[in-house]
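**Q** Chains as they are written, first to last, in our numbering: chain A, 1 to 298; chain B, 1001 to 1511; chain C, 2001 to 2324; chain D, 3001 to 3327.
Derived from the structure by calculation, the hints contain no laboratory data.
Where is the CB? At the ideal position from N, CA and C, for every residue including glycine.
Among the clues, some could well be false.
What follows is a set of in silico ranges between Cβ atoms, one per label pair, in the way DEER data are often shown [as the list claims (entries may be wrong)]:
1) D:3144 / A:265: 39 to 45 Å
2) C:2094 / D:3004: 53 to 59 Å
3) A:219 / C:2091: 31 to 37 Å
4) C:2270 / D:3241: 29 to 35 Å
5) B:1222 / D:3004: 52 to 58 Å
6) D:3196 / B:1021: 19 to 25 Å
7) A:285 / C:2295: 40 to 46 Å
8) C:2018 / A:281: 43 to 49 Å
9) C:2270 / D:3196: 27 to 33 Å
10) C:2100 / B:1387: 54 to 60 Å
11) D:3177 / B:1476: 39 to 45 Å
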Amino acid sequence: QDLTVGFSQIGSESGWRAAETTVSKSEAAKRKINLKIADAQQKQENQIKAIRSFVAQNVDAIFLAPVVSTGWEAVLKEAKEAKIPVVLLDRDIDPSGKDLYLTAVTSDSVHEGKVAGEWLVKTVGTKPCNVVELQGTVGASVATNRKKGFEAGIAGAPNVKIVRSQTGDFTRAKGKEVMESFIKAEGGGASICAVYAHNDDMMVGAIQAMKEAGLKPGKDILTASIDAVPDIFKAMAAGEANATVELTPNMAGPAFDAIIAYKTKGTVPPKWIQTESKLYTAADNPQAVYDSKKGLGY
Amino acid sequence: MDPYEDPPLLSLRGFSKSFAGQVALDRVDFMLEAGSIHALLGENGAGKSTLIKTMTGVVPRDAGTLCLGGVEIAPRSAAEATRAGIATVYQEVNLAPNLSVAQNLFLGRQPTRFGFVREREMRRRARALLAEFDIDIDIAAPLGSYSVAIQHIVAIARAVDLSARVLILDEPTASLDAHEVEVLFGVMRKLAARGIGIVFVTHFLDQVYAVCDRITVLRNGRLAGAASAGELPRLDLVRLMLGRELSAATAVRTPAAAGGDVLATFAGFGKAGYVAPFDLTLRAGQVIGLAGLLGSGRTETARLVFGAERADSGAAVVAGRTVELSSPRAALDLGFGYCPEERKTDGIVAELTVRENIVLALQARRGVFNPLSRREQDEIAARFIRLLDIRPPDPERPIGLLSGGNQQKALLARWLATGPRLLILDEPTRGIDVGAHAEIIALIRRLCAEGMALLVVSSELEEIVTYADEVVVLRDRAHVARLSGEAVEVSAILAAIAAESPALRASEAAE
Amino acid sequence: MALRLPRAGLSQVGALAVILLVNWIVSPQFFDIRLQDGRLFGSLIDVLNRGAPVALLSLGMVLVIAMRGIDLSVGAVMAICGAIAASLADSHALPVVLAASLGAGLLCGLWNGILVAVLGIQPIVATLILMVAGRGIAQLITEGRIVTFTSPALAWFGGGSVLGLPTPIVLTLVMLGLTAAIVRGTALGLLIEAAGGNARAAALSGVGTRAITVAVYVWCGLCAGLAGIVAAADILGADANNAGLWLELDAILAVVIGGTSLFGGRFSIPLAVIGALIIQAMNTGILLSGFPPEFNLIVKAVVVLAVLLLQSPRLGLKLGRRKP
Amino acid sequence: MKRLAPVLATTAVFLIGYLVCTLTFPNFASLRVAMNLLTDNAFLGIVAVGMTFVIISGGIDLSVGSVIGFTTVFLALVIERAGMPPLLAFVAILAICAAFGALMGSVIQYFDLPPFIVTLAGMFLARGLSFLLSTESIPINAGLYSHLADYALRLPGGARLTVPAMIMLATVIGGALLLHGTRFGANVFALGGARGSAALMGINVGRSTVLIYMLSSLLAGLSGIVFSLYTSSGYSLSAVGVELDAIAAAVIGGTLLSGGYGFVLGTFVGVLIQGLIQTYISFDGSLSSWWAKIATGLLLFAFIGFQQATLHMARRGRLRPAAGVAS
Ligand SMILES: Nc1ncnc2c1ncn2[C@@H]1O[C@H](COP(=O)(O)OP(=O)(O)OP(=O)(O)O)[C@@H](O)[C@H]1O
Ligand SMILES: Nc1ncnc2c1ncn2[C@@H]1O[C@H](COP(=O)(O)OP(=O)(O)OP(=O)(O)O)[C@@H](O)[C@H]1O
Ligand SMILES: [Mg+2]
Ligand SMILES: [Mg+2]
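Chain A on its own, in the form it takes in the complex (with noise of 0.2 Å):
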């Protein structure tokens, strides 16, 4: 058969979305499914734009990576009524539009931030610690998600607790400026005790902030972040970092299997196909993990 898939992607903002974008294309190739990807340049406007020309062109499906939460109904339901079946792909929406899409291939962003809190708390045990968190961008849901979720996975040890917490936008450049003060805030880090960040490239560029300042990341202080991008395996196979959760770029390849049982056999897939929030530690052959992962345009 020769299906057609409009996939509404978020923009290219991190090289986790390059990868994202990377795998579907190839989940694709595999089915022999002809994609077509509309880039929304992380504007939700751009998203149902994109989605109403899908819509227009008489797609079989739709692949919508939802940059907000909310916001989706009116387009949603003009999708429903061409008979078009939406599959929400890495992020949720508002559970009032339930009833609009077939099914979500989501990862839960605040279980992932509880894992990465929770492992502190079992790594630290009953010590003291210190935590200063790098946030995704103000306003981003995955970045509240995830600083709601560490903040749960924290809670119950009140011997951790996060006493600085600043935006430092996704990205390696910002992660580095907001860790440099932080250390320099913090009397040179020395009573820092570990970094949260909301992805693994904030935490790459606090990595080297700490370097740079004479600190041992990994040692001295603690890290956790989430994405599992390929170079924080290699930051912990020297060990520099500590734990990232991981966040799968490959969420098209179900969706792509569950719109084939639904256009073939009819099959109504589950509303929720969820994906698994692994958590990476220096315990999991970091470089082995780095060199399967590299090949993914991360």
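Use these hints to put chains B, C and D with the ligands onto chain A, whose structure you have.
**A** Using the frame of chain A, we list chains B, C and D with the ligands on its own:
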């Protein structure tokens, strides 16, 4: 009538103003009677424009009271002054060049219906208003597409239409030709007869005696004297303005320094739709005047010769070599200089200092990598400030803060500094006071004697005949007559302007 | 545009001093400086070091703005040049890497200059084209990934030091000196101010406006290229998606805070750099303060307005007004 | 006619572009795509009208994108959390936006500061305020909202003329009348043509400046309302960078950034051109993120270059060049 019973229409007492420590006005009094035309005179920088601007509140004054019809008023902006009944045309045309002529005439008081401007009605009125000034132009076209002269007339027409009680005209005639000046005077007399008081600033003494009843003279920001026009003979007036005797007699013509070497020849030079092809020969040590009515193509001829506009026909030969006059840059390299007539838009760089404005063309010719040292710049600036008596003699003042006439002198200095072989002057004496006027004419003669070739555009025929060795008369964008030697006379020029003769090189002009 | 008598840059320097002082109050160790691995280390150094890219951008931007132009593409050009440098760093010698990267910056500037000066497109749209497409080009080079490198030679541009001073600061100082020397040592400065102040008058005075326009955009491209190299060297990788993002606005802001009018004409190169430092001092202050990040923009808005109001001719503060 | 040349050139360029798209993608020719173009760009069209006024007056307004963002968050909060009736909320937010614009205009006017920077500060401020209100995106479920969002004139072929599109068309027409037909409009042109002269001609420059920025912010508020209808939600990060799109639309439509010259209708076509470029790229769908950006840039260049060439030819054709206009 007892003056104590009937207060003057407008009376100013003790007007003072200084700019950053420099005194521009010092306790000036001024009295305007209803129905009179009152000349406000003085040298460049004497404070005329400043007096006007402080009067209308555009520039805040330091001290002084203003009474209109015996009632004290204190307008704080042009709008308030207008509402109080004082309409003003400021020295530099102050209109919006991007708006249509009609919009300019009625800006802020367009006829409206349901909030919308009644375009047709406005145009009808605009046409009627301009008809009074004898001009018939496309009033829907943007004002900027017309010459300064037309713009000035539009500004005057606007003010005339606005003026309820007082009309102030700051050098309205500087860019007008004889005919338009006459038309303007007609309108002024009509308004005065209606009881409107008119303040009139000019540097043309003939005009003063032609229309004015009273004269007030400012010197260095102080009131130098006031009298009725009949009581103040011309020589006394000049003495009052300058504070000294005017030295050289300006009206004597030097014999033509007939024929230095040929510097440049233009053959069949022209541009379609701009100026018909013309022939022109410029010699070292010779002054060629360009005469004609407004819009006759004088400025256009000058721009072509300078390469500011590219000719599409004919050839130019300079010092024996055929040259491509493709840009001002090329002309500059050939030793040409050009002082444009539109000072504000084409001449000065307002925020740069007088020094920087003076050295600009010289520096452009020397190129980026051959900068004038600061010392050289200071010397050049000081020399020309002295030579042309630019006031105030401060080379580090932004040129935009100078009075109009002094800006004009600085522009002249810009070109003299390049030591040009050919200097093209478009209305060089516009806005320049009598003293400086004489100096500039003397300067033109001296430059000429030193072997420079000059091409001068001027609307003042009396002036042209005193220095031109040859006069080219233009009409409808074509060169129509060439007068030289004894034939250079005002009457001959006027005759050529009015004649029905075909253009020189008519055959090519027809293309 | 109201004409004013020239003023020295006291208000900018004053504003910078005040902000540094506030930073010191917020974070008492602000002025502490120590030597760390042969490199000066401290918050004040951070301000200079982090401010370097914007300062470099402002060196080019100030000339463009003085010519009555604007260059929105500098952020994208940074990304392109950083991407080129990072992708070549491990396989080529440093001179090749620099030549390729700065050459790309130069070409970008040339493109902008030609669009503005030759095709006569309005600067803001002309450079908008490269702002949009340039980031695409940068991503094309890196294929959307963060390209990392290990070459110590290139890394020196971000993390190295000269006599203890971090390289970005040294580079900025050198470029500041170079720009000032080129512009004020030749007649370029005067000609730019003339052409920016009144293009028609300048052209009629024989100033080659077109060539100067192209030249300033090229210089702006070069400065952006260097800023891109510094940014890439800093994180040992090229992040085509985020490098230089929105920095064009910071650079313009720096130039305007430095007293240069967006309508062209008079400009000051050192004050533009001070403007960049004001912005960075403010950013660093925000990071040190420990405010939640939701407040960042509000603080920024307030500080920017305060700095400008300090300079406003209408406020009685006649700081730095030259007495005649 | 001569004065309308840039608008005509822009329109011709747009029509040719549309034709090319239609030839490339057969689906393009549908009424649905045309109506989508209106709906999807409605919020941009509305702010761009305000931006046109500001630019013609010689200024610039960088705050509009943030004002849209603030508006959506404010509406979501007061309607959903405080239970304010939507219509009342609309009135409230429009008043707030107008006041915000008036404030910026006053700062620009009375402290003699460059609009670029004042509105940049306004941009930071509005975005910052919306972060303070809420960093989360909030759905709006009020009845009126879903009603308005659903309401549309149904046209053949599944095409719909939606409420946002209607509001934009009304704004464009209203804006054109205001700019080209009233005293206020003439003042806007006069301010941009010669600010100093405008004061000497008796225009109340201060009042006009304040009104112009007020109008721009007011339209940004209206655009925010439309945006919140369009997405039925409020989100602090919405409409980032819209100011640049609006400026580009105005400039593509023939407005001079240096002020004094421009058209509302030109801006409208400029908005459509930008929408067309995006639609083309998403119809193509094979372009990677970076190629899409490069293509956007190239298409923008093609449109502007073509427009420039058209104008150039038009100018050539004119016989007598008007003296005194910029060469
Ligand atoms: N805004 C200003 N700032 C500083 N000095 C000024 C300003 N405006 C005028 N001046 C100075 O005030 C003096 C009077 O200038 P004004 O323009 O009134 O002369 P004027 O009599 O109109 O001369 P002209 O016949 O040349 O027009 C001049 O020395 C001028 O340099
Ligand atoms: N009386 C008039 N009626 C209509 N148009 C006019 C009139 N006078 C001038 N113009 C227009 O003004 C424009 C510019 O004229 P310009 O000033 O270049 O001529 P000029 O011969 O140099 O006269 P001057 O030097 O006195 O201004 C021309 O395009 C002409 O059409
Ligand atoms: Mg004067
Ligand atoms: Mg002329």
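**Q** If a hint holds in the structure, say so; if it does not, say that too.
**A** Structure-based check of all given hints:
Residue 3144 (chain D) and residue 265 (chain A) have their C-beta atoms about 42 Å apart, which keeps the hinted 39 to 45 Å range intact. The hinted range of 53 to 59 Å is satisfied by residue 2094 (chain C) and residue 3004 (chain D), whose Cβ atoms lie roughly 56 Å apart. Remark: the range hint 31 to 37 Å for residue 219 (chain A) to residue 2091 (chain C) is upheld by a beta-carbon distance near 33 Å. Between residue 2270 (chain C) and residue 3241 (chain D) the CB atoms are about 32 Å apart, so this pair conforms to the stated range of 29 to 35 Å.
The hinted window of 52 to 58 Å between residue 1222 (chain B) and residue 3004 (chain D) holds, with their beta carbons roughly 54 Å apart. For the pair residue 3196 (chain D) and residue 1021 (chain B), the supplied restraint of 19 to 25 Å holds, since their beta-carbon distance comes to about 24 Å. At about 43 Å, the beta-carbon gap between residue 285 (chain A) and residue 2295 (chain C) stays in the expected band of 40 to 46 Å. Against the hinted window of 43 to 49 Å, the Cβ-Cβ separation of residue 2018 (chain C) and residue 281 (chain A) comes to about 47 Å, which satisfies the hint.
Distance hint check for residue 2270 (chain C) and residue 3196 (chain D): the Cβ-Cβ separation is about 30 Å, which falls inside the suggested range of 27 to 33 Å. With their beta carbons about 55 Å apart, residue 2100 (chain C) and residue 1387 (chain B) fall inside the hinted range of 54 to 60 Å. Distance hint check for residue 3177 (chain D) and residue 1476 (chain B): the Cβ-Cβ separation is about 41 Å, which falls inside the suggested range of 39 to 45 Å.
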